[in-house]
Amino acid sequence: MKEEMSRIVRTITTLIYGFIIVFGFYVIVHGHLTPGGGFQGGAIVASAFALLVVTFGNQGIKGFLQKDIFSLIESTGLVLFIVFAFFGLGVTFFYNIMANSGGLFGNSAIIGVNPGDLNTGGTIPIMNIAVGLEVFAALGVIILTMSAGSEITRKKENS
Amino acid sequence: MIGNFPYIAVAILIGLGIYTLIFKKNLIKIAIGITLIENGANLFLITLGYRKESVAPIYTQAPEGMNMVLPTPQALTLTSIVIGVATTALILSIAMIIYNKYGTLNTDEVRRLKE
Amino acid sequence: MSNILTHSPALVMALPLLAAFLTPVVGRFNRKVLGWFVSIVLGLTLFITLLMATQILTNGPMIYVFGGSEAGLTLPSGYSVPIRIIFHIDGMGIFMGLITAVVSFLAAIYSLSFMQKHSGLEKYYALLLLLATGMFGMEFTGDIFNFFVFLEIASIASVALIAFRSNLSGEPAEAGFKYMVVSSISALMVLFAVGLFYGQYDVLNMATIASVMQFTQLDKIALILLLTVLAMKAGSVPMHMWTPDAYSEAPAAITMVLVAASQASLYALFRISFSLYNISLNTITVGWIIIILGILSMFIGVTMAIIQKDIKRLMAYHAISQTGYMLLGVGVGLAVLANPVALESFGIKAMEGGIFHIMNHAMYKGLLFLTAGALFYRTGTRDLNKMGGLANNMFYTTVFFIIGAAAIAGIPPFNGFASKLIIYESVYQFNPLLSIIAMLVSILTLASFVKVFHSAFLGPQLEQYKKVQEVPKSMVFAMAALACIIVLFGLFPDVIVKNLVHPAVMSLINQTNYTATILGGI
Amino acid sequence: MKKSIFGVALLFFMAFMILAAFGMRPFGEPTVSEMDDYYIQNAQAETGANNVVTTIVFDYRGFDTLGEATVLFTAVIGITALFREAVK
Chain A
1 MKEEMSRIVR TITTLIYGFI IVFGFYVIVH GHLTPGGGFQ GGAIVASAFA LLVVTFGNQG
61 IKGFLQKDIF SLIESTGLVL FIVFAFFGLG VTFFYNIMAN SGGLFGNSAI IGVNPGDLNT
121 GGTIPIMNIA VGLEVFAALG VIILTMSAGS EITRKKENS
Chain B
160 MIGNFPYIAV AILIGLGIYT LIFKKNLIKI AIGITLIENG ANLFLITLGY RKESVAPIYT
220 QAPEGMNMVL PTPQALTLTS IVIGVATTAL ILSIAMIIYN KYGTLNTDEV RRLKE
Chain C
275 MSNILTHSPA LVMALPLLAA FLTPVVGRFN RKVLGWFVSI VLGLTLFITL LMATQILTNG
335 PMIYVFGGSE AGLTLPSGYS VPIRIIFHID GMGIFMGLIT AVVSFLAAIY SLSFMQKHSG
395 LEKYYALLLL LATGMFGMEF TGDIFNFFVF LEIASIASVA LIAFRSNLSG EPAEAGFKYM
455 VVSSISALMV LFAVGLFYGQ YDVLNMATIA SVMQFTQLDK IALILLLTVL AMKAGSVPMH
515 MWTPDAYSEA PAAITMVLVA ASQASLYALF RISFSLYNIS LNTITVGWII IILGILSMFI
575 GVTMAIIQKD IKRLMAYHAI SQTGYMLLGV GVGLAVLANP VALESFGIKA MEGGIFHIMN
635 HAMYKGLLFL TAGALFYRTG TRDLNKMGGL ANNMFYTTVF FIIGAAAIAG IPPFNGFASK
695 LIIYESVYQF NPLLSIIAML VSILTLASFV KVFHSAFLGP QLEQYKKVQE VPKSMVFAMA
755 ALACIIVLFG LFPDVIVKNL VHPAVMSLIN QTNYTATILG GI
Chain D
797 MKKSIFGVAL LFFMAFMILA AFGMRPFGEP TVSEMDDYYI QNAQAETGAN NVVTTIVFDY
857 RGFDTLGEAT VLFTAVIGIT ALFREAVK
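Protein chains in written order, with this note's numbering: chain A, 1 to 159; chain B, 160 to 274; chain C, 275 to 796; chain D, 797 to 884.
One chain only, chain A, in its complex shape:
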């Protein structure tokens, strides 16, 4: 199998992958207002990386996507998540301390149907972002590891 895909696919990918990532982050950040959230948005962002891996092959993305950085992002996301859960420990673990507090993400929602205010939800948006980071990095590591692993299999078959 050839490493890289054709010129058309490469061009379209370079054009489109940035938009996919931005859309993914939009879904993550608006998780508490619209359908979506950390997991869904993270999966969208990871699909951009999957697209890159498929298009350019494992060698082509070597300098661009690095597993170590992904692992670091993953750990950061998880630690952020559990730390914000720990912040509630004055009351209980996972208590939403920032909801309706007036501070960051602390506005109260208008009860009933409303157009949506990004600055609501307490710890929910922060946890969304943390989980989003974790999910896209985790899926990225999985994609990179498995594609590198399949390359070894391919080499073995060819030799």
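The hints are simulated quantities; they were obtained by calculation from the structure and are not laboratory data. Incorrect hints may have been included.
To be verified - One side of the interface only, derived from the structure: several residues of chain C facing chain A at Cβ under 7 Å:
#1 284
#2 292
#3 295
#4 299
#5 340
#6 341
#7 342
#8 345
Claimed, not checked - Using C-beta positions, here's what the derived DEER-type ranges look like:
#9 352/C <-> 15/A: 52 to 60 Å
#10 556/C <-> 164/B: 29 to 37 Å
#11 825/D <-> 498/C: 20 to 28 Å
Stated by the list, open to error - Heads up, simulated EDC-like pairs for lysine to aspartate or glutamate below, C-alpha to C-alpha not over 20 Å straight-line:
#12 211/B <-> 881/D
#13 798/D <-> 268/B
#14 156/A <-> 268/B
#15 260/B <-> 151/A
#16 184/B <-> 267/B
#17 211/B <-> 223/B
#18 67/A <-> 881/D
#19 741/C <-> 657/C
#20 62/A <-> 4/A
#21 156/A <-> 881/D
#22 155/A <-> 881/D
#23 211/B <-> 825/D
#24 725/C <-> 657/C
#25 660/C <-> 737/C
#26 184/B <-> 445/C
#27 67/A <-> 157/A
#28 62/A <-> 117/A
#29 799/D <-> 223/B
#30 260/B <-> 445/C
#31 260/B <-> 881/D
#32 799/D <-> 268/B
#33 211/B <-> 830/D
#34 740/C <-> 657/C
#35 62/A <-> 881/D
#36 391/C <-> 744/C
#37 260/B <-> 4/A
#38 391/C <-> 881/D
Positions of the beta carbon are idealized from the N, C-alpha and C atoms, including for glycine.
Take the given structure of chain A and dock chains B, C and D to it, following the hints.
Quick look at chains B, C and D alone, frame taken from chain A:
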């Protein structure tokens, strides 16, 4: 009577998955069987949440005065989908390792561990 | 102090989790401190578990509502169902939690030198911590969907650990694949049963489900699914095919934890049949099914064990056989649950035997697997025919093996004898034949271990093992700790049964208490 | 021989599943919904977020989500551990 068709679809999906697990010899097909069962279980959960003539449980610009479907199954399904992704990824990786070591995916040839 | 106690159910989960998230980072900076870091974290977890145990055994069950405005406030005002995830730790839960804490702590200590030569240690330790977390979650949770999540954590972590040595050969990956298939099916069937409960009652809290349980046809289907898959994960006989592979291919320290993990599934089996269904089900039928599973496990496990050549496979078959004793004891208790007179005269006693055997089995089987690991560490083989005369070189290992083997065969004064005696006595009153089979299996177990002892330790010193030495200190320490527990439990069984086992049994039998802790209104 | 036993078991299992399907309540008409109604009515006031599903995922059942993120983390660690020498 028609109200039970989603559940029958669930039963068929899970049955197909179990069939694949029992009668197929390829490790990748076994992984597919597990994914089928998982999808059946997820479909079952999500069908439980539906309420007739209702909208999604999101207040942002929702239609006024409508009922909302039950939100819990959606949350549960979300959780179980992510768990399913993790399981599938791990099981496929193990299949890859087995293929690297033995050069085959057939369960009959893989079997080195005997009674 | 009281604050720590209130939040201890959250801490006991969050501490190993946080450590697991940090382990890859710690491992990048310094590989030497890694093992000690993990051991200290698991030691702290053990300490918190002990604190919780004293609290629960003196003051009754412990409740923790995640994210609630108060740790003990289970129901929102004006509603009759809990809406948040609740940790519900009673006598039985903390009993299992203690086993998990002790076993995982000693596994970390043992791994300090046992795993030294392997690559990817930070991953190994992270997975060990995650496995411990998953088991704690399974044992402490009061929410059935949460149970599914932790079941998945425990199974994925154990699969990765079983396959950890697949860089050397293909067999660990094969065993891992088998276990992965088994545990995914079990987890998915548990999920399906969760759906059945949720669809009918719109609750996910186990105590609430128990209180509204109508025992419809769907509940029966859910019961059958749950019993089958949990018995499969516990390694009971008709579905035991994964056990010998997984136990023999995992690193020795992990095998010890895996034994405890399969007992966590056994705990779930008991929890579901006692706390969730209790006498609403046909206890005689279900009790007899569990008894028959137990008898089959006992007998087939031990007969398969006798013919094994691989020391860890042999011990794995013995693990199946010993699982049978637990099923037998608790099954008898379940069969007479609806009959207060019989329950009082021997049912509770039988359950005490079965539950006590869980802890004893975790201890002596862990010790035996660790000695097998010690032999593997020095000789590089698990084949009994290739070993011989090792008593000359490895004094401590030999002593610990004798202690473990005597305990598993039910020889006084070790702990196996204590629990087996309770089982024999009480089961004899229920049905003499069952008791006789149990004794027979015990004799066969002794015969099998005499064979192992003879071929591995006795005989002349072999040429290739002339230079074999005793294993490093950390491994000796882990084995010695288990041996001490075995001897102490064997010498003072009454104290343990009265203070630890009896509350566990009562918390299983008494369903009204279980539901009232969450829903109030005693 | 073994296959036919499994086949019979599969048939039994399917019969079970179909039985369960017909025993369920009709699709789209939940009989009890106290817990879900609580979420729908109080989620906005208690957390301020508009999306009820997200409030369940991250607030009411946040601990499940921690477990779920942990499952993903476990799988990643497991996969990198499996390929630890093949892939650097």
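For each hint, the structure was consulted:
| no. | hint | verdict |
| --- | --- | --- |
| 1 | 284 | holds (4 Å) |
| 2 | 292 | holds (6 Å) |
| 3 | 295 | holds (5 Å) |
| 4 | 299 | holds (6 Å) |
| 5 | 340 | holds (5 Å) |
| 6 | 341 | holds (4 Å) |
| 7 | 342 | holds (5 Å) |
| 8 | 345 | holds (5 Å) |
| 9 | 352/C <-> 15/A: 52 to 60 Å | holds (55 Å) |
| 10 | 556/C <-> 164/B: 29 to 37 Å | holds (32 Å) |
| 11 | 825/D <-> 498/C: 20 to 28 Å | holds (26 Å) |
| 12 | 211/B <-> 881/D | violated (54 Å) |
| 13 | 798/D <-> 268/B | holds (18 Å) |
| 14 | 156/A <-> 268/B | holds (19 Å) |
| 15 | 260/B <-> 151/A | holds (14 Å) |
| 16 | 184/B <-> 267/B | holds (7 Å) |
| 17 | 211/B <-> 223/B | holds (16 Å) |
| 18 | 67/A <-> 881/D | holds (15 Å) |
| 19 | 741/C <-> 657/C | holds (19 Å) |
| 20 | 62/A <-> 4/A | holds (13 Å) |
| 21 | 156/A <-> 881/D | holds (15 Å) |
| 22 | 155/A <-> 881/D | holds (16 Å) |
| 23 | 211/B <-> 825/D | holds (7 Å) |
| 24 | 725/C <-> 657/C | holds (13 Å) |
| 25 | 660/C <-> 737/C | holds (11 Å) |
| 26 | 184/B <-> 445/C | holds (18 Å) |
| 27 | 67/A <-> 157/A | violated (25 Å) |
| 28 | 62/A <-> 117/A | violated (41 Å) |
| 29 | 799/D <-> 223/B | violated (57 Å) |
| 30 | 260/B <-> 445/C | holds (9 Å) |
| 31 | 260/B <-> 881/D | holds (13 Å) |
| 32 | 799/D <-> 268/B | holds (18 Å) |
| 33 | 211/B <-> 830/D | holds (17 Å) |
| 34 | 740/C <-> 657/C | holds (18 Å) |
| 35 | 62/A <-> 881/D | holds (18 Å) |
| 36 | 391/C <-> 744/C | holds (17 Å) |
| 37 | 260/B <-> 4/A | violated (27 Å) |
| 38 | 391/C <-> 881/D | holds (14 Å) |
In terms of the numbered hints stated before, the structure departs from hints 12, 27, 28, 29, 37, listed from lowest to highest.
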